[in-house]
Amino acid sequence: MEYDLLIIGTTVAALGLAETAGKDLKILIADQTEMVAYEYVNSFKLPSVYSESAAYYKRFHDLNADILLNCEITNISYNRGSYLIEIFSGTEYRTFEAKRIADTRSKEENITAKSLNCLIINKNKDEAVEILSDKFNHDAFKEVTFIPETDENLGIMIMKVSCPLEMSLPEARHKLIELWLKRPERLRKWKIAAIGQCFDTKAKFPYCEKNENYFLLPSDYYITPEESYEAGVQLGRRLLA
Amino acid sequence: MIYRRLVNGKAEEKPAGCESFHKHFEVIVAGLGTAGIYAAISAGRNGAQVLGIDRLSAVGGMGTVGYVSGYYYGLGGGLHIKVDEEAEQLAEESFLNTVEPKKYLFENKAKENNVELLLESTVTGVFMEGKTVKGVSVFSKGETLNFSCDILIDATADANVCTIAGCSTRYGRETDGLTRPFTSVRISLRKDGLLARTNHDSGYVNQNDPFQLSQGILHAHRSQLLEEFADPDSRLLFIAPFVGIREGRLIEAEITITARDVIECKQADEPLFYGYSDFDKHGKDHALESEVLQDLYVAANLSTVCFSVPVTLQNLIPKGYKSLLAAGRHLGVDHDTASILRMKRDMQKCGESVGVCAALAARYGVQPTEVPYQEIKKILEETGCLTEEHNKGIWFDDRYRKEKVKWLKCPEKIKAELKTDRPGIAIYSCKLLGDSIVPHLKKWMEENDKMLRTNSALALGLIGDASCLDTLREIVRNRDAFYYKDCRRTNQLRSAIAIYLLGKLGDLEIMPTLREILCDPLEYEKPLYHEITELSYHFNNTKNFNEVYYQIVSQAAMAVIRIMRKHEEVKEEAREILKKAFEDDRHIRNTTAMPPKTYEYESMENIKRYVLSSI
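Line by line, the protein sequences give chains A and B. Counting from 1, position 32 in the first sequence corresponds to residue 32 in this note's numbering; the numbering is continuous, with no gaps. Each number in this note's numbering comes from the position in the second sequence (counting from 1) with 1000 added on.
Calculated directly from the structure, the hints in this document are not laboratory data. Quick caveat, the model's predicted, so the values are computed rather than measured. Glycine included, every Cβ here is placed at the ideal spot set by N, Cα and C. A portion of the hints provided could be inaccurate.
[Said to hold, decoys possible] Below are the DSS-like pairs computed for lysine-lysine, each with C-alpha atoms no more than 27 Å apart in a straight line:
#1 B/K1402 x B/K1485
#2 B/K1141 x A/K204
#3 B/K1597 x A/K23
#4 A/K175 x B/K1111
#5 B/K1082 x A/K182
#6 B/K1191 x A/K189
#7 B/K1010 x A/K26
#8 A/K58 x B/K1597
#9 B/K1111 x B/K1082
#10 B/K1450 x B/K1485
#11 A/K123 x B/K1191
#12 B/K1141 x A/K175
[As the list claims (entries may be wrong)] Now the stretches of chain B that chain A is said to cover, found in silico as 3 or more residues with beta-carbon under 8 Å:
#13 1152 to 1166
#14 1224 to 1238
[To be verified] Facing chain B, a subset of chain A residues (Cβ under 10 Å, in silico):
#15 D31
#16 Y38
#17 V41
#18 A55
#19 D62
#20 E72
#21 E86
#22 G90
#23 E92
#24 N124
#25 L169
#26 H174
#27 L181
#28 A193
#29 I195
Just chain A, with the same shape it has in the complex:
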């Protein structure tokens, strides 16, 4: 099958790009996972954004684009003005052609910092304030930051644990859990509701052209999903111009 544009990653930047360029270009979006907007939603990057996954699923569903979730891009080669892409999905390899590629994920070598985040809950909503004022003079928690949320009934915070760039997700999860099991008394009443399904990452650069018609647009460069979406829109407009 032939496409005008292959977008790698079901990210927020990919959404902005596909919503803009999908009007005129035939698009394929491919991702290794079955998550969407994961760099903001499933990473617990920002308060309350993690709750918006259904809305993002809707927007991806409504796109004028073909979407392949749970797939691996196993090979990309360039031949006479077009990219030949080999994708493995389920049980078999499929080959596609695309005139352009936009990779919206962050590769390990292009990341400046990363953390694994989790959502912690306390039945007493006032204890979040106490935790934050405590500043945690606790050695093990030096690499940890807390972001509180407002809730009528409960104490809710995102806890971010910084990780070395080379650390894998399972290793980081173990680090976070082992840290949590030894948490100071002040945090004893807090419980983990969920740990991020992916890292909260920060890309080194917002955009570059890797090869001819091969763009890197790391969605996680931006602090908010709105900015990331806008970056996708901008690239979409450039491709249509």
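Given the coordinates of chain A, work out where chain B should sit on it, guided by the hints.
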């Protein structure tokens, strides 16, 4: 040796040598979900050097990444008991559920038991000598790695590796090829600080088409925005990033377990474990299921009866293949039985027992079938994976009704139960007794007790005796809305049962009534579809689904098809009825106001699609 992979729908085979392999493992487990993680730990625990591969970034599958942390039936026993206890303890102190503790414990136990984990990695090809598997190729973080093995365990749940190896597989039900509806799992935070999990059945999708599956996933999760799923008492936290697929490809095994085997409680000489559940099929479109299942589920109203099912090594070996085992819900069962043998506890035991077989086969340098069964049994009994108590037989096993089911033989006992609103065991017992009970049933049909009369007619219908026809027709013509109460859920209406049986019997005289049900616009105005008089009837208003209308119309449509197939002379009339009935979306809209692709919409759409393809 050849290297085999699938490319653009075709098998591609190339000669390969041993130099292709990066490393050898005694046992490789592809897929580290519910069954696979236990297969890996169990094989490692029994001395094998193991490689575990999964495409996700965590192990545990639906129980962890899919957030389905609880259990539905299955029988507890084996390695998972200790893991569950430890996870509960960790959760009590530090987590809101057992999801993250389980990932942590699984990964630690894998390490302790000599299992090397390769996550975010996918098996993409298989090395084979004839029909003996020798190794796999794996795409992992940008590169392809090849590993050889003594035994390969396909624990992908969809028989992915077996499919790449060329094994025969089956998919979906006989009528329309569809599998069970899948689930989108939503995690919410309640006001009391606890997590709530809700599973929303999310329609039907061809899982073998990655584009369709991707659209299905997106649609399922977007449906969480629908008003019907809103919950003012909790705050949506997130949607589990892994849909719950209940049924995919099933391997063609050396021996396949059928629904008939299950219902007849067929025993096995060398069981590895016992599964245990009801036919938890989820879909409401019973009319499209097999007659074996509908005889039990619809005609006898025994939807929640649980069966213990022995699983042997022969059910886990792809037919004709060597050094390859299946662990998970893709084992050798038919479509009906796939709804029983899929529960998490049982799949954990499936993984554990396959792990033991693989490890011993690798240790002795033989095929799993050549390992002495007594040695396997001893290990499985030690952990509690296999016990005689698991051979429970047939049970009503819930709070509504807890009793062992024994099929009845004594006519007086049958008569006593046929007089009640829970006649299911008696009705199905009559089916098993066959002709010998017919004279009694005919006599009881002449008695004044309406319940006895009608239930005797249902039993005769199930046996296939035409003396029940007048009574069954009367039930349908009156749109008898009596609702049986054998089960805690999925109970059947008398009219729906009678329509099913009349279709099965090929009754020509009911055709005008079926035409009325299917084609008369005034049918929907009848009170039974709107006034639910039975207090116990769980009419599902929240999900916007008129179950009474749905069951009667769907059974009527299928009855017309069955009659048409038995009587050539009414073929044209039947076609005309069905064409008229489904020329528009009236039946869909009378059933639900939910949008296309939702489970509720698709339930009637499935009927419409099948009907139109049959005429």
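Quick rundown of the hints versus the structure:
{"no.": "1", "hint": "B/K1402 x B/K1485", "verdict": "holds (14 Å)"}
{"no.": "2", "hint": "B/K1141 x A/K204", "verdict": "holds (21 Å)"}
{"no.": "3", "hint": "B/K1597 x A/K23", "verdict": "holds (24 Å)"}
{"no.": "4", "hint": "A/K175 x B/K1111", "verdict": "holds (15 Å)"}
{"no.": "5", "hint": "B/K1082 x A/K182", "verdict": "holds (23 Å)"}
{"no.": "6", "hint": "B/K1191 x A/K189", "verdict": "holds (16 Å)"}
{"no.": "7", "hint": "B/K1010 x A/K26", "verdict": "holds (26 Å)"}
{"no.": "8", "hint": "A/K58 x B/K1597", "verdict": "holds (13 Å)"}
{"no.": "9", "hint": "B/K1111 x B/K1082", "verdict": "holds (16 Å)"}
{"no.": "10", "hint": "B/K1450 x B/K1485", "verdict": "holds (16 Å)"}
{"no.": "11", "hint": "A/K123 x B/K1191", "verdict": "holds (9 Å)"}
{"no.": "12", "hint": "B/K1141 x A/K175", "verdict": "holds (22 Å)"}
{"no.": "13", "hint": "1152 to 1166", "verdict": "holds (count 4)"}
{"no.": "14", "hint": "1224 to 1238", "verdict": "holds (count 6)"}
{"no.": "15", "hint": "D31", "verdict": "holds (9 Å)"}
{"no.": "16", "hint": "Y38", "verdict": "holds (7 Å)"}
{"no.": "17", "hint": "V41", "verdict": "holds (7 Å)"}
{"no.": "18", "hint": "A55", "verdict": "holds (7 Å)"}
{"no.": "19", "hint": "D62", "verdict": "holds (8 Å)"}
{"no.": "20", "hint": "E72", "verdict": "holds (5 Å)"}
{"no.": "21", "hint": "E86", "verdict": "holds (9 Å)"}
{"no.": "22", "hint": "G90", "verdict": "holds (6 Å)"}
{"no.": "23", "hint": "E92", "verdict": "holds (4 Å)"}
{"no.": "24", "hint": "N124", "verdict": "holds (9 Å)"}
{"no.": "25", "hint": "L169", "verdict": "holds (4 Å)"}
{"no.": "26", "hint": "H174", "verdict": "holds (7 Å)"}
{"no.": "27", "hint": "L181", "verdict": "holds (6 Å)"}
{"no.": "28", "hint": "A193", "verdict": "holds (5 Å)"}
{"no.": "29", "hint": "I195", "verdict": "holds (5 Å)"}
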